[in-house]
Amino acid sequence: MQGVVVEQGAIALEVNGQTKQSSNVDKLIWNVREIIADLSTYYHLQPGDLIYTGTPEGVGAVVAGDKIIGRVEGIAEISLTVGPAE
1 MQGVVVEQGA IALEVNGQTK QSSNVDKLIW NVREIIADLS TYYHLQPGDL IYTGTPEGVG
61 AVVAGDKIIG RVEGIAEISL TVGPAE
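For the sequence shown, counting from 1, position 49 maps to 49 in this note's numbering; every step adds exactly one.
Read the hints as simulated data drawn from the structure, not as lab findings. Ideal placement from N, C-alpha and C gives every residue a C-beta, glycine not left out. Be aware that a few hints might be false.
In the DMTMM-like style, the derived pairs of lysine to aspartate or glutamate whose C-alpha atoms are separated by at most 20 Å in a straight line are [to be verified]:
1. K20 / E73
2. K27 / E73
3. K20 / D66
4. K20 / E77
5. K67 / E7
6. K20 / D49
7. K27 / E7
8. K67 / E86
Pairwise CB distance ranges (calculated) [as the list claims (entries may be wrong)]:
9. I68 / T41: 14 to 22 Å
10. A64 / H44: 33 to 41 Å
11. V6 / E86: 31 to 39 Å
12. I51 / T19: 18 to 26 Å
13. E77 / K27: 16 to 24 Å
14. A10 / P47: 28 to 36 Å
15. H44 / P84: 33 to 41 Å
16. G65 / K27: 24 to 32 Å
17. A64 / D38: 17 to 25 Å
18. T41 / E86: 12 to 20 Å
19. Y52 / A85: 20 to 28 Å
20. T41 / P84: 35 to 43 Å
21. S22 / V63: 20 to 28 Å
Using the sequences provided together with the hints, build the complete structure.
Laid out in structure tokens, this is it:
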């Protein structure tokens, strides 16, 4: 995360092109550095590992076929399509 300011940055989630969640990293209960430090005592973290921190308000159900895009300002974007239930 060289050059990335982890104490602030927009986070957002879109479902089928519609913004469902929008917030900022500085609103997390624990800051990102604390989360990484704590997890590092239990796990050997590697570049590319994903750490899920919870969710801002706006969460809702998704169904098969929904296209989801998650964004963290200055870091990455992840997208997926929800598959059928097994």
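Verification of the supplied hints:
1. K20 / E73: 16 Å, holds
2. K27 / E73: This hinted pair holds, its Cα atoms lying about 14 Å apart.
3. K20 / D66: Holds, because 13 Å separates the two Cα atoms, which is no more than 20 Å.
4. K20 / E77: 15 Å, holds
5. K67 / E7: 28 Å, violated
6. K20 / D49: 24 Å, violated
7. K27 / E7: This hinted pair holds, its Cα atoms lying about 9 Å apart.
8. K67 / E86: Holds, at roughly 18 Å.
9. I68 / T41: 14 to 22 Å: 31 Å, violated
10. A64 / H44: 33 to 41 Å: 35 Å, holds
11. V6 / E86: 31 to 39 Å: 36 Å, holds
12. I51 / T19: 18 to 26 Å: The hinted range 18 to 26 Å holds for I51 and T19, with Cβ atoms some 22 Å apart.
13. E77 / K27: 16 to 24 Å: 20 Å, holds
14. A10 / P47: 28 to 36 Å: 22 Å, violated
15. H44 / P84: 33 to 41 Å: 34 Å, holds
16. G65 / K27: 24 to 32 Å: 31 Å, holds
17. A64 / D38: 17 to 25 Å: 35 Å, violated
18. T41 / E86: 12 to 20 Å: At 35 Å between Cβs, range violated.
19. Y52 / A85: 20 to 28 Å: 21 Å, holds
20. T41 / P84: 35 to 43 Å: At roughly 38 Å between Cβ atoms, P84 and T41 fall inside 35 to 43 Å, so the hint holds.
21. S22 / V63: 20 to 28 Å: 22 Å, holds
Checked against the numbered hints listed earlier, the structure breaks hints 5, 6, 9, 14, 17, 18; every other hint is satisfied.
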